[in-house]
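Colleague: Sequence:
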Amino acid sequence: MEQTILVTGGAGFIGSNFILQWMAQETARVVNLDKLTYAGNLRNLERVSSDPRYCFVHGDVCDQDLVRSVFERHQPRAVVHFAAESHVDRSIHGPDDFIRTNVNGTFCLLEAARAHWTALSESDRQAFRFLHVSTDEVYGSLAPNDPPFCESTPYAPNSPYSASKAASDHLVRAYHHTYGLPTLTTNCSNNYGPYQFPEKLIPLMILNARAGKPLPVYGDGQNVRDWLFVGDHCEAVRAVLARGRVGETYNIGGWNEKRNLEVVETLCSTLDELCPDDPVVPHRKLISFVKDRPGHDRRYAMDARKIERELGWKPRETFESGIRKTIDWYLHHEDWVKEVTDGNYRQWIANHYST
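Note that our numbering numbers the sequence shown so that position 332 is 332, with each residue one more than the last.
Hints in this document: simulated from the structure, not taken from any laboratory. It is possible that some hints are incorrect.
Across the chosen pairs, the derived CB separations fall in these ranges [what the hints assert, rightly or not]:
no., residue 1, residue 2, range
1, ASN145, GLU46, 44 to 52 Å
2, VAL246, ASP328, 38 to 46 Å
3, LEU120, PRO52, 23 to 31 Å
4, ASP65, ALA127, 23 to 31 Å
5, ALA242, SER321, 48 to 56 Å
6, CYS275, ASP51, 28 to 36 Å
7, ASP328, TYR179, 40 to 48 Å
8, ASP277, GLY219, 26 to 34 Å
9, LEU120, ASP146, 27 to 35 Å
10, ASP220, PRO52, 49 to 57 Å
11, SER288, VAL246, 45 to 53 Å
With a straight-line cut-off of 30 Å between C-alpha atoms, the simulated DSSO-like cross-links for lysine-lysine are [claimed, not checked]:
no., residue 1, residue 2
12, LYS35, LYS325
13, LYS314, LYS258
14, LYS325, LYS314
15, LYS338, LYS291
16, LYS258, LYS213
17, LYS200, LYS285
18, LYS291, LYS258
19, LYS306, LYS200
20, LYS306, LYS338
21, LYS200, LYS325
22, LYS258, LYS325
23, LYS338, LYS258
24, LYS213, LYS291
25, LYS285, LYS213
26, LYS213, LYS325
27, LYS35, LYS338
28, LYS213, LYS338
29, LYS291, LYS200
30, LYS200, LYS314
31, LYS258, LYS200
32, LYS285, LYS338
33, LYS306, LYS258
34, LYS200, LYS338
35, LYS291, LYS306
36, LYS325, LYS338
37, LYS325, LYS285
38, LYS35, LYS200
39, LYS213, LYS200
Note that the Cβ used here is the ideal one computed from N, Cα and C, for glycine as well.
Start from the sequences and build out the full structure, keeping to the hints where you can.
Modeller: As structure tokens, then:
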């Protein structure tokens, strides 16, 4: 079998970081299937766009004919499925796209992968993998003293987004147990790093702080998340793809539980140091508390001991080192920021973070 992997959603935040890392460290070709929604940006992949080992296909994972043709043409030996609608706030205001992409899209991809895999030779069937990238949010919310989520934690999704991801996780599991498709699932904690679309907490706060705009923090700011640098996440996904046990789930976390307010204050302190001439300094003067979003989970935490024990992976970055790298990237890529923060984006932010 030709050494090719199919990456879905490869123009998005995590997918593009994965492809850049893969192209730098692996030999197999990459086919990137991406619909290029608001969060997909081919500029993220300019570094590899002319590499003969890279191929971009513009399309929707829900398009059965297109997905089938991609398998037939490129004969991938693995699928790494990142494509998903992923922003909780957007899922609250418009859940339709989340059900369509995250549930129906995963189903279409599984059907095409199953047909492709069934037709392979025995040795190629043994080598094939379908890796589904999911989230810690499928497990629900933790109380302050609860142990972190592990791979056997019961699912209890609380938002349309997390419910759609939980449904897709269940489909992947079913295709392994019913049809024998060699699947792997990863559930990761909150990612941050270069190329993240600035609707998410960390890039939103960086850009607002630099512009002297309010830093909107939901509720009391005490919601806790585990933070994972995107480069560490991509290394973990590569480890699971290479060495993970078929049919297993691996939780990927950063061992960095932080309250949202603490994250914002850390950003402010770092920006005070790096950008002392910004319009408002100290930047924490800009922090403002806004009405909490519906069904806001209080705490997520990940127990990532299984992947360390079985595959030898653990994060390289601390929160402090990762956040500094992230801020530095945004400071040096103002052209990218300007391109993605067009009028439609600004209107969306105004609608969803008004006080």
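Colleague: None of the hints should be skipped; say for each whether it holds.
Modeller: Comparing the hints with the structure gives:
1. Checked against the given bound of 44 to 52 Å, the beta carbons of ASN145 and GLU46, roughly 47 Å apart, stay inside it.
2. Between VAL246 and ASP328 the C-beta distance comes to about 39 Å, which sits within the given range of 38 to 46 Å.
3. Look at LEU120 against PRO52: about 25 Å separates their beta carbons, and that is inside 23 to 31 Å.
4. Taking 23 to 31 Å as the suggested C-beta distance range, the pair ASP65 and ALA127 conforms, at roughly 26 Å.
5. For ALA242 and SER321, the Cβ-Cβ distance of about 25 Å falls outside the hinted range of 48 to 56 Å, so the restraint is violated.
6. Restraint check, CYS275 to ASP51: a C-beta distance of roughly 35 Å satisfies the suggested window 28 to 36 Å.
7. Between ASP328 and TYR179 the Cβ separation comes to about 46 Å, which falls inside the hinted range of 40 to 48 Å.
8. Our hint of 26 to 34 Å for ASP277 and GLY219 holds, since their Cβ atoms are close to 32 Å apart.
9. Between LEU120 and ASP146 the CB atoms are about 43 Å apart, so this pair departs from the stated range of 27 to 35 Å.
10. The given range of 49 to 57 Å is respected by ASP220 and PRO52, whose C-beta atoms sit roughly 53 Å from each other.
11. Checked against the hint of 45 to 53 Å, the pair SER288 and VAL246 passes, with Cβ atoms roughly 48 Å apart.
12. For the given pair, LYS35 sits about 29 Å from LYS325 by alpha-carbon distance, which is consistent with the 30 Å threshold.
13. A C-alpha spacing of about 18 Å is found between LYS314 and LYS258, which places the hinted pair at or below 30 Å, so the restraint holds.
14. About 18 Å separates the Cα atoms of LYS325 and LYS314, which keeps this hinted pair within 30 Å; it holds.
15. With a C-alpha separation of about 28 Å, the suggested pair LYS338 and LYS291 falls inside the 30 Å cut-off, and the hint holds.
16. Annotation: proposed proximity of LYS258 to LYS213 holds, straight-line Cα distance about 23 Å (limit 30 Å).
17. Distance hint between LYS200 and LYS285 is fulfilled; the C-alpha atoms sit about 20 Å from each other, no more than 30 Å.
18. Between LYS291 and LYS258 the alpha-carbon distance is near 20 Å, which keeps this suggested pair within the 30 Å criterion.
19. For the hint pairing LYS306 with LYS200, the CA-to-CA distance comes to about 28 Å; that is within 30 Å, so the pair holds.
20. At roughly 41 Å between alpha-carbon atoms, LYS306 and LYS338 are farther apart than 30 Å, so this suggested pair is violated.
21. In summary, the hint linking LYS200 to LYS325 is supported, as the alpha carbons are separated by about 17 Å, within the 30 Å threshold.
22. Only pairs whose Cα atoms come within 30 Å are accepted, and LYS258 paired with LYS325 is accepted, the gap being roughly 18 Å.
23. Only pairs whose Cα atoms come within 30 Å are accepted, and LYS338 paired with LYS258 is accepted, the gap being roughly 29 Å.
24. Among the hinted pairs, LYS213 with LYS291 is consistent with the structure: their alpha-carbon atoms are about 17 Å apart, no more than 30 Å.
25. For the given pair, LYS285 sits about 10 Å from LYS213 by alpha-carbon distance, which is consistent with the 30 Å threshold.
26. The straight-line distance between the Cα atoms of LYS213 and LYS325 is roughly 22 Å, inside the 30 Å bound, and the hint therefore holds.
27. Taking the CA atoms of LYS35 and LYS338, the gap is near 21 Å; set against the 30 Å cutoff, the hint holds.
28. With a C-alpha separation of about 16 Å, the suggested pairing of LYS213 with LYS338 holds against the 30 Å cut-off.
29. Our distance criterion of 30 Å between C-alpha atoms is met by LYS291 and LYS200, whose separation comes to about 17 Å.
30. Of the pairs offered as hints, the one joining LYS200 and LYS314 holds, with about 24 Å between alpha carbons and a cut-off of 30 Å not exceeded.
31. Between the alpha carbons of LYS258 and LYS200 the distance comes to roughly 15 Å, so the proposed pair stays at or under 30 Å and holds.
32. With a C-alpha separation of about 24 Å, the suggested pairing of LYS285 with LYS338 holds against the 30 Å cut-off.
33. Annotation: proposed proximity of LYS306 to LYS258 holds, straight-line Cα distance about 22 Å (limit 30 Å).
34. Distance check on the hinted pair: LYS200 and LYS338 sit about 16 Å apart at the alpha-carbon level, within 30 Å; holds.
35. Under the criterion of a C-alpha separation no larger than 30 Å, the hint pairing LYS291 with LYS306 is inconsistent with the structure, at around 37 Å.
36. Between LYS325 and LYS338 the alpha-carbon distance is near 20 Å, which keeps this suggested pair within the 30 Å criterion.
37. Between LYS325 and LYS285 the alpha-carbon distance is near 23 Å, which keeps this suggested pair within the 30 Å criterion.
38. At most 30 Å may separate the alpha-carbon atoms for a hinted pair to count; LYS35 and LYS200 meet this at roughly 20 Å.
39. Among the hinted pairs, LYS213 with LYS200 is consistent with the structure: their alpha-carbon atoms are about 16 Å apart, no more than 30 Å.
Hint compliance for this structure: hints 5, 9, 20 and 35 are not met, and every other hint is.
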